[in-house]
Structure formats: C-alpha cells, structure tokens
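Chains as they are written, first to last, in this note's numbering: chain Y, 343 to 696; chain R, 343 to 696; chain F, 434 to 500; chain X, 434 to 500; chain C, 49 to 224; chain V, 49 to 224; chain S, -2 to 252; chain W, -2 to 252.
In short, the hints are calculated from the structure, not lab data. Note that this is a predicted model, so its numbers are computed, not measured. Do not take every clue at face value.
Stated by the list, open to error - Here are the simulated EDC-like cross-link-like pairs (lysine to aspartate or glutamate), alpha carbons at most 20 Å apart as the crow flies:
id : chain 1 : residue 1 : chain 2 : residue 2
1  : R       : 525       : R       : 558
2  : R       : 669       : Y       : 659
3  : Y       : 543       : W       : 246
4  : V       : 132       : Y       : 686
5  : F       : 457       : S       : 10
6  : W       : 232       : W       : 183
7  : C       : 132       : Y       : 558
8  : S       : 3         : F       : 497
9  : V       : 134       : Y       : 558
10 : R       : 547       : S       : 10
11 : R       : 543       : S       : 226
12 : R       : 579       : R       : 685
13 : Y       : 669       : R       : 659
14 : R       : 668       : Y       : 558
15 : Y       : 572       : Y       : 501
16 : R       : 669       : R       : 659
17 : C       : 149       : C       : 168
18 : S       : 3         : F       : 440
19 : R       : 645       : R       : 577
As the list claims (entries may be wrong) - Beyond 12 Å from chain R on every Cβ pair, some chain S residues (computed):
id : residue
20 : 100
21 : 148
22 : 189
23 : 234
Here a beta-carbon is modelled for each residue, glycine too, at the ideal position from N, C-alpha and C.
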Amino acid sequence: MSEKILMKGNEAIAEGAIRGGCRYFFGYPITPQNEIPEYMSWRIREVGGDYIQAESEVAAINMVYGAAGAGARVMTSSSSPGVSLKQEGISYICMAELPCVLINMTRSGPGLGGIQPSQGDYFQTVKGGGHGDYKMLTYAPSTVQEAVDILYDAFDKSDKYRVPVFILGDGLLGQIMEPVSFKPMKEMPNPSTKDFGTTGKHHGKERRIVNSLYIEPEICEPKNLQLQQKYKLLEQKEVKCEEYLCDDAEIIITGFGTVGRIIRTAIDDLRAKGVKVGMIRPITVFPFPGEVYKKYANKQSVKMFLDVELNAGQMIEDVKLNVEGKKRVEFLGKLGGYVISPEEIIEKIMEVIK
Amino acid sequence: MSEKILMKGNEAIAEGAIRGGCRYFFGYPITPQNEIPEYMSWRIREVGGDYIQAESEVAAINMVYGAAGAGARVMTSSSSPGVSLKQEGISYICMAELPCVLINMTRSGPGLGGIQPSQGDYFQTVKGGGHGDYKMLTYAPSTVQEAVDILYDAFDKSDKYRVPVFILGDGLLGQIMEPVSFKPMKEMPNPSTKDFGTTGKHHGKERRIVNSLYIEPEICEPKNLQLQQKYKLLEQKEVKCEEYLCDDAEIIITGFGTVGRIIRTAIDDLRAKGVKVGMIRPITVFPFPGEVYKKYANKQSVKMFLDVELNAGQMIEDVKLNVEGKKRVEFLGKLGGYVISPEEIIEKIMEVIK
Amino acid sequence: MEKVKVDFEACKGCGLCVMACPKKIMQISNKSNNKGYFVVECVDQDACVSCASCARMCPDSALEVSK
Amino acid sequence: MEKVKVDFEACKGCGLCVMACPKKIMQISNKSNNKGYFVVECVDQDACVSCASCARMCPDSALEVSK
Amino acid sequence: MESRIVISGFGGQGVLTIGKYIVYGGMNAEKEVSWMPSYGPEMRGGTASCSVVVSDRQVGSPIVTMADAVVVMNKPSLTKYLPKVKKGGTILINSSLIDIKADRQDINVVYVPANDLAAECGSARSANIVMFGAFIKKTNVITYENAVSVLKHSFEKKPSVLETVLKCFEKGFNLD
Amino acid sequence: MESRIVISGFGGQGVLTIGKYIVYGGMNAEKEVSWMPSYGPEMRGGTASCSVVVSDRQVGSPIVTMADAVVVMNKPSLTKYLPKVKKGGTILINSSLIDIKADRQDINVVYVPANDLAAECGSARSANIVMFGAFIKKTNVITYENAVSVLKHSFEKKPSVLETVLKCFEKGFNLD
Amino acid sequence: METVYKKSEMLTDATMHYCPGCTHGIAHKLIAESIVELGLMDNCIGVAPVGCAVFAYNYFNCDMQEAAHGRAPAVASAIKRVHKDVAVFSYQGDGDLASIGMAEIVHAATRGENITVIFINNAIYGMTGGQMAPTTLEGQKATTCIYGRQVRSENGEVINGNPVRVSELLATLDGPAYIERVMLTDPANVMKAKKAIKKAFEYQMAKKGFTFIEVMSGCPTNWYTSPVDALNFVKTQMTKKYPLGVFKDIGVEAK
Amino acid sequence: METVYKKSEMLTDATMHYCPGCTHGIAHKLIAESIVELGLMDNCIGVAPVGCAVFAYNYFNCDMQEAAHGRAPAVASAIKRVHKDVAVFSYQGDGDLASIGMAEIVHAATRGENITVIFINNAIYGMTGGQMAPTTLEGQKATTCIYGRQVRSENGEVINGNPVRVSELLATLDGPAYIERVMLTDPANVMKAKKAIKKAFEYQMAKKGFTFIEVMSGCPTNWYTSPVDALNFVKTQMTKKYPLGVFKDIGVEAK
Ligand SMILES: Cc1ncc(C[n+]2csc(CCOP(=O)(O)OP(=O)(O)O)c2C)c(N)n1
Ligand SMILES: Cc1ncc(C[n+]2csc(CCOP(=O)(O)OP(=O)(O)O)c2C)c(N)n1
Ligand code: SF4
Ligand code: SF4
Ligand code: SF4
Ligand code: SF4
Ligand code: SF4
Ligand code: SF4
Ligand SMILES: [Mg+2]
Ligand SMILES: [Mg+2]
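Same shape as in the complex, but just chain Y (with noise of 0.2 Å):
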C-alpha cells in the first residue's frame, strides 16, 4: 500500500481499475460518471491500452462484449438510464460467460429522473435487467478505498468465473474525494491470454466461437444448468459482508452501498446513547449474505431488522426472504435524490423501539 491521495471515486476507481489490470474501457457519457471515461480517455494509452467513446450505452456493452470475446480485460461504466440500455447486451455477455466489470454510479430514477444519488437499480442488478436467467458478481461498495480494493481484484475474480462483475455504485461514492491509497500494478500480457478468446490465431487448432445463440432446447436447457450450477458456487465462494457490532444487537440496521457508511455513523451515535444496534452490510448484493441474516435472524437477542435504501425498497426482499418471517423487518426509505442521513435513521429507531 502506497501514500493515500485525494480523489474523487470515479477517478479511484478507475484507476484502480488500470492497476487491477484493465486494459480497454468503452463508455458514453453520463452523469455522475463522466470522470471515469474521462480519466480513463487518456490513462489507457498510457499503459498500452485501448479507449473508444462510444457512440452509445448500447455500442459500448456490445464492445465491451467484442473485446472480452477477444481475451481483453475490459470494462465500461454508466448511470441508471445508461445501464438500462446496456441490459441486452448484458445478457449476452452472461450468456457467453463472458468476463468484464461493469459499473452502475446509479441516479434517481424513473425516466430521466435525477442525478443525485440513489439505489434505485438493485433490483435491475441482482435480479435480472436483462432477459434471461442469469447473475453478475455484484459488489456494492461503501466507500472509495473499498471501491478501489474490489477494483482491483475484480478482473481475476471475472476471468475466474467467467462472470461479468458488476459494481453497484451511486452518485455519492462517485462524486466524493476521500484520501485512497493504491496498491502496484498487476502485471499480465495486453491482451490476457484466455483460453476462450478469440485471437484469430487458432487455425488447425479448434476454432473459438463466442456466442449465446443455443438455439434448440436440447442444447439451451444445459447450457442454462451449467450457468445455474456457477452462480451456486458464487454463492458458496464469493459472498463478502461486513458485520458490524452484531453480537449483543437487538436491532440490525442493514443496508448496502454508501448507506453503509451512513448506517455505521448512525450506529456509533446510537450506541452512544446506549442503544444496542449492529449493522449488515452485503459487500456482494449477489451473492447474497443470505445466510448472516439467518443467522440473526435465528439469534434470540435480535429483536428486529431495520433496511435502509436510498429506492422504495427492494433489497428488503432478499432480506425477508431470508428472515423469513422471524423477526420484523422494517423499511427506511428516500427517495428522489436526497442521501439518507444519520439523524434520520436515529430518529427511525427510537421510533421503532418505542
């Protein structure tokens, strides 16, 4: 770990990207994620890399989806509207395993909405945007340290699984500068040698063929096993979850994303007045941490649950799912744009304890 410097989330994380081995970045521009493309137009030059504004959300998923066939580490970024129309293509991807990190600095929404922040794409995210059965490795990170750290092993953890990973961000954890720190560049070859990529080279060898076209049933029903059986894996291997102060809590506050860091100040104050909170935070959104809310939700000191979302309430459902109906679950909502503030939910729990 180096020095920590001052910058603003987007430009961290994108280079936290470079370093995490990112060589091709194909975006659109949108607010609250300009300076991601922006940074990226000149930094990927600078370590042999390849940048295309695209001439839309549509071309750039479909380029991202042209250089990873290709064996490339690649990545775009966008904000809601942007990403709906990504949806397509990013069912494509997922078909064709493709790995990829994707990035979402969500906005309010519906429509054309806002663009302050909000956490209105979850369910776009985790439970389908696109048609189809399939699931990103979602990372919903807190803040920008953690932001860059996910970055950074994002591309091995996709070309693992051949998977695309998604970050699920907002407007907030782009726009904020807060002191980061990098780790060295990885080193690999430009493009990453794959074994599926296509490289134009194979001719006597098999051939490589990127596609999802599984157009007879007898081919298409095992093929969607085989993807089913990896997202159980991820399930098994790659959930991340901070837990925070949960061991004598009777309240749980949980949320994902920046409301995380949000939750914690809350918490602390509460604490403070001698309540006794704790907080779960999903680091991955899929998979989910299904199990740590079982587990709390089993436990007899925990009284309820308090989920907190910038949206009308959607990663509440996995939450419930998971309590299934054993202890009360409470939702704490805002909408619109405006960031939840700790005071807020403070006031939400002493409401609710009363």
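Could you slot chains R, F, X, C, V, S and W with the ligands onto chain Y? The hints should help.
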C-alpha cells in the same frame, strides 16, 4: 360474445387490442411474436389508426412514448432480447405516467438464447428491468381467450391509472391456435381525449408537458412517492388470481401464464389418483396476489407449495415472501425453451409427497 | 425615450450584443444583477439606429428595440 | 472422367448452376437426396468447358470442376 | 377423452393444414382443441410439424410430447416421431416418400401411399388430403361427416378444387 | 470531534478549492476527511458548493445537511445555507459581494470583505484564499501551520504566486 | 415609438438556464418567431432532447414532450402520426442526434416523416461537461480527448476517428424535403437561419417530407472561450469542416 | 486432371442451413476465398450477425464472435482494437445493419475502424419470415406491407417511407477507405464481387480505414420466387434503386 373462431394467439391478441381501442402500433420483428406486428400492419389502418415498423425496439418504445404522450391508445410487442432494449424507454414511460400496452412473448434466454417458450423474464418485468422504482400492471394470461379478454380492457385500465399494462406471455401463448371469441369494438375518439395528452391546441390554456425529468430531489422525491402511492392502489384494486380446487388441497401448485394450464391438467390427473392438490395462478403478477398465498400458508390443511416455472426460479421469491417460511415451498423449473409437461409435474408431486 | 431597453434581470452580460452593434454603443457595465451578472447597457441611445442587431443576437431576449 | 462433380448430399437443387452454365448441360434430376432435395446432374460431361461458372454460382459448394 | 396428435413433414407438404382440419372438426364437435406449430429457424425445405389436441376438457399443454396418433409425411419425420407414439397409438406413414418400415410392434402402423393416391386423383399436391382421409378412418378423432363438412367449408370459395379434394379424401378414407 | 462544513458561491470563485485545502489540512493532521461537490445541471454562472467533513472517525455521510461552519461567497448562497448552520456554529460571509446581514443570533457570524482584501493584496481573484484564512482563524478545524503548509504545497510550482497567496491568507487570518 | 424587436410570445417568461452567450437561446428564438409568423402557435408540439436543451419544454410556449436521449425523432414521428396536421418539431444536440440517436434520425429522415428537426451542432457534449462529440473537430480539445481530437495514429490505427457531417449524410436519403446548414455567428447569419427554419416549417405543413436545419452553435463554457470567441471559432473553424448551404431542397411544388 | 474450382478450405464441412438458392452461401464463399488468397487464414476473426446468417460462425473456418442484432460493427471495432493486426470482418443483413444497427455502422465507418463489413442487402428480413426491411423496394410485398411498400399516401402522409441506400450514405463520411456495391446474379458479377471483397481486406490490412461491400442478394423464400427469378429481380429491379458501383475509394497510396 360472438361465435368462436380459430386464431393464432398472436393474431387474436392483436385483434383483442384493436377491439379494446388500440389505434397505434409500433413494432420490430422478432420471433415468436411476429404475427402481432404483421397483423397490425394492415389491420390498424382499417380502423383509422397508424403503424410504423420501427427501426429497432428502442425506437419502437420511444414511439410508444410519443404517441401515448399525444393521447393515443398505443401498443408495442416484442420478445426477450427486444424487451431488454426497451428498458430505458419503459422506465421513461412509467415516470411520465403514460398509458400504453406492452407485450413480451418471452423466449428462452439469456442472450440470443433460443426462440422456444420461456418465463425467464418474470424478474425483468415485475422487479424492474429498467432503472428506478417503477411498476407496471402486469398480466400473465394462460389461454388465448384470457389474453384477448385482458387486452380488451387493458387500455381502459392503463388510462385509469396512467400506468403501462404489460402482458407477460411466452412463445406458447403466441404460437398456439385456439378457438376464441371477441367482444364488439369499443367506440372511442381517435386519438382518445385524455387530459394530459399533447395536442398542439392548448395555447392560452395551460400547456401540456410530457416529461420524466425531475432534476431536483425536492421534486423528484414527491413524484416518486406519488408513484409508490399509485402502486399501492394497484395492489388494493387490481389483483387478479385464479384459485382452482384449493379448498381441501394439501399441496398447492402454483405457476403463472401458460404453465397454469399445464398445472390444471396435472391437478385433474392427480385428483383422479386421489392426491389433494390445488392451484393458485396469479393472473396479475404485479400486483402480486400475496394475500391469497398468505391465506393458504396459514391454513392447517395445506402442507406445502410447489412452484412451477419455465425458468430457474423467479416468481418463487414472491411466493416465499408471502408464505414467510410457514410452509415448505418446493420448486420445479424447466429451462432452455422446453415446456413442462403435466407428467413432469405429477412426477414431482409424487416424489415430494413420499 | 430609450430605443434599446435592457431587461437587467434577464441579461447575462455575455457581450454578444456588444459585438453585434454596428454603432458600438452597447457596453458591459459595472452593475451586477441579482444573479451576479454584470449587465449590458446602451451608452448612447441617440446614436442607435434601431437596427435590432443587438436584440437578434441576444440569447436571453433581454433586449427590446423600438424606433 | 467427370469434369463436374456434384456432391449430392450438399446440393439443394436450387438451379443456379443450371442457369449459369453456358453449355446448358446442368439439369435438375429426379433423384432426391436424404434431405429430400432433387439434385442437379451434369448431363453431358464431354460438352463441359470447365469454365466453373456453375460452381461459382453454387451457394452450397456442391460442385467441383476440373479440366 | 383426449387425442394428442403430431403431424410432420417437409414445409410445403401441407402438414400444418391437416392439423387445422382436425382442429376445425374438433370445434364442430364442440370439443376443446388446440393447434401448435413447431417454430424454429428452419428455412424452406426444413421440417414442419404441428401438435394438435382434441379433448373433452380444457387443453392443458398444447405441445404433444407423447402422441396418440402421428402422421409423418417424410423420412426425417418418421425417425423423429416414431418413438413418440404412445403404446397402442397409431402412426400413419406416407409410404410414397418413405421407403422404410416402422420398427415397432406396440402400435398400429398404417402405410398410406399418399402422393401416389393423390396423383391418381389428378392432384399430386393433395397428398395431405389423402392423409387426412386415412387419419380420420384410422383414429376416429372426428367423424367422417364432420371431416367432409370441414373440407367443404374450407373450399367453399373454390368449388372446382373441392371435387378433387373430396376424391382424395375418399381415397385416403377408403384405404384397403 | 467532527467538523461538518459547507462552502458555497458562484462557479469560478474558487469555493471547491477552499474545500480541498481544508481536506488536505485534515489529511496532514491524520484525520478522516471527505469532500463532496454539489453536482447538478447548473451551467457556468450557477452556484457551486461543496461539503467537507473533517473527523476523528470514519466519515459517514459526506453530505452536510446541518453544518458546523459555512462559508458563503455570494448572496444566493447566504440565503440557501444560513438556515443550515447548526446552533452555535459559524458562518463566514463574503461581505464584498453580499450586502445583507445574517439574521441569526444563535450562531457566530463573521463578515469578511474577501474580494476587497484580496484586491488590497494585489490579487482580486484570491478572495477564496482570504476566506480560507478567516475560516482557519474562526473555526480551528486545522491549525495555522497546517494551513500554511497546505498552501505552500499547493503552490509549490508557482513560487511567484505563492507570495501573494500567503499575503491573502494572512489578511484573512488576521481579520479584526 | 414602434417596437422593432421584442421577445417572442412563443417563448415563456422563464429565464433560460443556458450559460451566458450560449446560442441555444438564439436558436430557441428563431423557432419561436417562425412558429408565430406561420400562425402555428395554436398548432404545434415540440420535442425536447437530453442535452443542455433538456429543459426546452420550459421555454417554448406550446405543448412539449421531453424525449429520451437521442430518441426525439422517434417520439416526434409518433406524435405526428397521431396529430397529422399539427406542426411537430424536435430540437436536438449533436451528442443526442449524431451519436446515440443516429439510427433514429436516419430513419425518421428516410421515412420522410413530416416533421422539422432543429439540430444544434456545437461540437461538444455541453450538458455533461464537455466530452468529445461526433462533430468535434480534429485537433479540438474535449474532456475525453484532452490532447485534442486525433483521428488516427501515424501507423494508421484509429484514435478518435473522424467527425460526422450530418446534413450531408441525411441528404443522401429520399425522405428529406429540405436540409440546410446555418450558423448563429452574427445578425446576418441569424436572419438566414431564421429563414431556413421558417421554410422548414412551411414544407412540413405542406407535407413535403422531412425537414432538417443544422444550426452551428458555440459552447463557450466547454470550449473555455468567451461567447464572442466561440462564435468566431464557429465562423472560422467549424465552417471548414461543415460548410454552410442547402443540401437538399425538393422545391415548393414537389410532393 | 487439374482442379479448377472446389470448396474453399476457409469454409467448414458443415452443411449450410440456408434455403436452396440463397445467395448467402455465395457471399460466404467469396469471403472465404478472399481470405485464403490473401494468406489471412491464420489471422482472421469474423463477426456473425442476427439474421439468416446467425449461424455463420459454423461455416467460416476461423475464430468467430456472434454479435447482438445490429451491433456487429461495435463488436468488430472492439475486437480490432484488441487485435490490431488481425483481419476482422463483420457479415450483416439489411435488417441488422441498416435498421437496428444504423448507429453502429455509421459510427464504425466514421471512426474509420480498420475492419471490413460485408453487407447482404436482400431487401427483406429473411430470418424472421419476410417483414419489410429498410431496403425493401417501393411496391415490393412483405409481411408487414402486404399490399406492397407504399412510401406516402396521396395526401402526403407517410405510410412505409423510403428505402435507404446505405453505400451512398456511408460514402459521405471520412472514415471509409473503400465502399462498393456488387450483386451475385451471375458468374461475372460474382467474380466482380469477389474482387471487391478481396480489395476490401487488402485495404484493411494496409490500415487504410473502414471498408464496406454491399452485396445485393435474393431471398427466394420470402420473396416467394424461384432462386433464378430472385436473381433476375435483383438484376432488373434492385439495381434501379441501388446502382452498382464504387462509392468511395481513397486509393492504394492514401493513409
Ligand atoms: C441514455 C443516456 N445516456 C447519456 C445521458 C447523459 N447525457 C445527458 S446530455 C448528454 C449529451 C449532451 O450533448 P449534446 O446532445 O451535444 O447537447 P448539448 O448539451 O451540447 O447541447 C448526455 C450524454 C443520458 N441522459 N441518457
Ligand atoms: C434485439 C433483437 N431484435 C429482433 C430480433 C429478431 N431478428 C432476428 S433476425 C432479424 C432480421 C433479419 O433480417 P436481416 O438482417 O435482413 O437478415 P436476413 O435474415 O435477411 O439475412 C430480426 C429482426 C433479434 N434477434 N434481436
Ligand atoms: S438596435 Fe442596432 S444600433 Fe441600436 S443598439 Fe442595437 S445593434 Fe446597436
Ligand atoms: S446579448 Fe443579451 S444577455 Fe448578452 S449582454 Fe447583450 S443583452 Fe445581455
Ligand atoms: S464448368 Fe462451365 S461448362 Fe462445365 S458444367 Fe459448369 S458451367 Fe457448364
Ligand atoms: S447451384 Fe449447387 S445447390 Fe444449386 S442446384 Fe446447382 S449444385 Fe445444386
Ligand atoms: S454548456 Fe455549452 S451548450 Fe450548454 S448551456 Fe452552457 S454554453 Fe450552452
Ligand atoms: S430466408 Fe431468405 S435470406 Fe434466409 S436463408 Fe432463406 S432465402 Fe436466404
Ligand atoms: Mg452538443
Ligand atoms: Mg435481409
């Protein structure tokens, strides 16, 4: 009700929409729904409407936005990959609260996948394929007649709530030919007079603006809260659900859309063998008939639920959210374009009751 | 009588009218409006030929010209 | 020796080679292959000038021409 | 009672039409019916088939995986659908184009030289009508009268053709 | 200890930079810090502001809704942020451009004729540095030495400018 | 005294949010004035884009629809199909129209929809803060080509590629009735631009087909210039790549 | 005996799924032969479209990627950026390229990506069963214009709109190095087409920019004609709207 005629699902649905007042259709070819745009291309002009073969699904959904904003009764249809491309537009339509009817004759995914029937787009439809917190009044018809009847009233419902009506079908529903009868053509002005539609004629009076931009949280939050209120209202007023032989059932089989008709056969055959099974079939999947599940989850006689879907398990989450761990919920899925047979359901039931 | 009237609150002090005026009688002043822009003023109404060049160029419709 | 060899299983009986042959010696026969297509045949190998027009037109690469 | 039927052949052989005739007959008889084509990326010359169900109760799955009766109009269809005939079921084979035999003892196998018989009636393209006739006779899914009325209704506007069509139908119906 | 700060003014007045100086100072003092700009569709000439947090613990919300200290460089910012100063907090007002008074008794109000003082130092564009100086003096979020070292570091490559900058800073710091 | 020039009644009282000297404002005025002069004030629907003009619905005093980024031609086409005798126009920037919305503009044009499209070419993504647009000139700087747009490297590899000339491209199609490129650099050119826009609406009302006016504009903010210098850049630099002129005009008689 | 013509080794043994007489097969051969003749067999990646050629990856004997409908130019551009010295081509139909994929083809072209695009214009959506394509001729029947494509009604309202001439449209851009329209109607034209395709690959390898060959083809199945009649239609009718020719050629020297 007139005499029954034999018609392909897709064509019957198109005719049903016309009878219900559809006057504009914007589509793009994709199997297995091509007969809808093909039928509309000549039929809609007969009733004084208009048709554009859009350059893409993206254009098609934005044409729907335009025509719906202009006060017309308008529809589009597509299948999975095409529907993924429409997600941005759908999110816009929901935020702008424009009435319209959208159809997905789902095929197997992800990616280009196959063109055989599938239910892999349940999540996309009811949780949020597009960005932000929105919902659509979503019907999953089981037979062509049911689809036609839903279409007949779809525009009225859509106008009433200013919410898109979404028809979640599949290749089976689109391609099957069944006898069907039509109600008479609804009379209405074209474009129908709506109090929000742009007409160009409002100078002097208040201008009409169709918009989904709510840039400041100060306005974006109340807008979102209003949408959420509307969705609550839908949950109160518009749930539709079929219950079949549930009264004394020990096992409740559940599924949506065309799977429902297959479950029904299985149930009849199981009953013939003396197995006490019943069916809950949500006709609206949003609003989801959660109360119906709750009722049977609380019922002593019910031992378990079996959820059957042509996907890897999607509606089952909504089932579980309502059963809340009170009863076992088993899953029987079928992937890749195969349609499940009554025999497979029977077999599964015999296996679980052992 | 003013041939050129400036709507001070509408003016953003961009200077396009200054450039456009053939008589060189439009100038950015030291006065700032509520939004903080230094607004334009016509320094010689008499010299104005009412050609409306200034007004035509004004993106913010801040100018009204009479003759 | 055959100048024009037809791969019967590859031929779909489309007739493009028939149209293309300057010598008019290609003809759709009564023989159908496994896929049910009535395949083409060269009715006069001797007349063939090995111009390969037939083969160039064949979408299914069903023809091989020698000289 | 439910009859689950598959009809299969080359595109252009009129197999989908046979299915529709059966369905119309079913409707005439006030049965529940469904007709479901196979749809796929097959281009011209590929195989076409449809599943037909005629039933006393609402049709559940319109897709026939195990059939009470199968009609095959070409060789690839025989290979594909022979194993899908239920024990005790019936297969009708267009022996004009299919030169192999059905290797199953547990079902009724009927060979119909449909193309030849149609040609005899002066309409080589009506092999499917011959097959329809044979099918009605062998399966009784719909009655003779019902089938004839379906044909009459279908060719209402082409009385000139109707005569030949009925001739073909009779040929098939009166097979051996 | 946590200081939650808002700095606001026209785009171009250097308000985001004041925020960054504070943050750098916080980092020098090994505090946890965050800097968050307001971002919106405002075009040039619109209002710009940033939220800054300097804290002993990890920064939770970087968005400051109620501030310990607020710096306002223009009139619209005063109107907007005056109600958002916590009781007992501090507001620093650029009185060169803001001709109204802050109507609150429960907070410390400091008027800084920042543009005028900067002009006195020969650098009309450095009003923000004057403000930074005044801010340090009035809030103690970071020490004087720390602030000076931040400025020295920031202008490392422009020694000619640094002198004036430090002069402006001192002017602000030594206000009344 | 007689009023020679005043704000058009087709514009609302709202203060525009555009930067000082941004020619979006001038373009708005020309559209507004044309509509008034053609008596279309009570017979007009506008479509706003995503771009700096995203709030255009606040400024035009008629019914308006805000379209998704790039899709205004699709939205406008559909509106026109519903209200066949109403003047329908879309107003779009170069990112909106020439990048993400390229398919929609080409297809509305080739279909020959009876709509008028006003295309604001300012060679930049204004609203998102100055990224390279499809029309950014070679050598011009933007936040995603900070060293200036470079088409290809010395050894022939693509870097940023070439800018697009939209008017020329659309002029190859049969659907358009009238296509002209104008600029807003001085009063004379502003008046020419006005004439072009007005003519486009006239053709539209005569159902001659698709009409398209490319308006070269400045973006002082993201070009980092003064408003006056921005217009000089348009006049001296942009016209080199994007010459003024009529690219298609099927004439008044043609249908 | 010496072999004059045989199946190209660049094609796999797989039987093509195309209908009898469909010229997709001929186009495949020409690409395959060109690649072999230029010695690119071991240096080549193809991109298949969504359309009847969706299975093209089964036929070309090289690495292949199957692209989403219309997006092949984006996919190919990205592949080329990764493998800068490999020949990259996309193969696309008129629905794929000229309808849904219009933005992607225009932008790959204007960027000047060093790729070769083979554009099969058969004036129809083949794979989905014969819907109107952007290139369907006026008067030509399709399942979504069953009375024949009608551009406008008598009173000037748009019905189906005009067809697009893609080669002419792309030729207005600076990125393309070479654009030619050919047809596969007879042996002589097939040989011309081959020459054009080969030249396109040559330009690509010389990094001259974007290369594009429009290949006019028949769709006997959805035109409801015999294969021979289909080619006659191409020759006599399609060429009226889509004349053969070179629309751009920057020459061998240019970079
Ligand atoms: C789908 C989508 N992608 C991206 C954006 C972000 N965005 C907003 S405006 C804009 C471009 C603006 O440029 P232009 O069209 O040239 O208009 P200008 O601001 O220059 O007038 C972009 C990319 C968006 N809102 N939606
Ligand atoms: C997003 C999407 N939309 C639509 C389709 C359906 N589709 C498959 S092929 C095709 C068009 C084929 O036409 P063309 O590109 O002309 O190729 P051809 O079959 O004529 O060779 C379409 C619309 C699809 N697969 N994906
Ligand atoms: S009207 Fe003409 S002369 Fe008068 S101020 Fe304006 S530009 Fe100058
Ligand atoms: S052009 Fe308008 S806004 Fe600009 S300085 Fe003149 S009056 Fe003010
Ligand atoms: S090679 Fe020439 S002459 Fe011989 S069969 Fe073929 S086309 Fe005819
Ligand atoms: S062209 Fe080829 S496929 Fe067609 S008939 Fe001749 S050999 Fe057979
Ligand atoms: S950013 Fe540019 S285009 Fe947008 S309003 Fe400002 S000057 Fe005009
Ligand atoms: S449908 Fe048309 S384009 Fe497709 S394979 Fe058949 S003939 Fe060729
Ligand atoms: Mg622009
Ligand atoms: Mg085609």
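These are the hints, each one checked on the structure:
no., hint, in the structure
1, R:525 - R:558, "violated, 47 Å"
2, R:669 - Y:659, "holds, 18 Å"
3, Y:543 - W:246, "violated, 29 Å"
4, V:132 - Y:686, "holds, 16 Å"
5, F:457 - S:10, "violated, 29 Å"
6, W:232 - W:183, "holds, 9 Å"
7, C:132 - Y:558, "holds, 18 Å"
8, S:3 - F:497, "holds, 5 Å"
9, V:134 - Y:558, "violated, 67 Å"
10, R:547 - S:10, "holds, 15 Å"
11, R:543 - S:226, "violated, 41 Å"
12, R:579 - R:685, "violated, 36 Å"
13, Y:669 - R:659, "holds, 18 Å"
14, R:668 - Y:558, "violated, 39 Å"
15, Y:572 - Y:501, "holds, 13 Å"
16, R:669 - R:659, "holds, 14 Å"
17, C:149 - C:168, "violated, 23 Å"
18, S:3 - F:440, "holds, 11 Å"
19, R:645 - R:577, "violated, 27 Å"
20, 100, "violated, 5 Å"
21, 148, "holds, 28 Å"
22, 189, "holds, 27 Å"
23, 234, "holds, 33 Å"
Violation of the numbered hints given earlier is confined to hints 1, 3, 5, 9, 11, 12, 14, 17, 19, 20; the remaining hints are satisfied by the structure.
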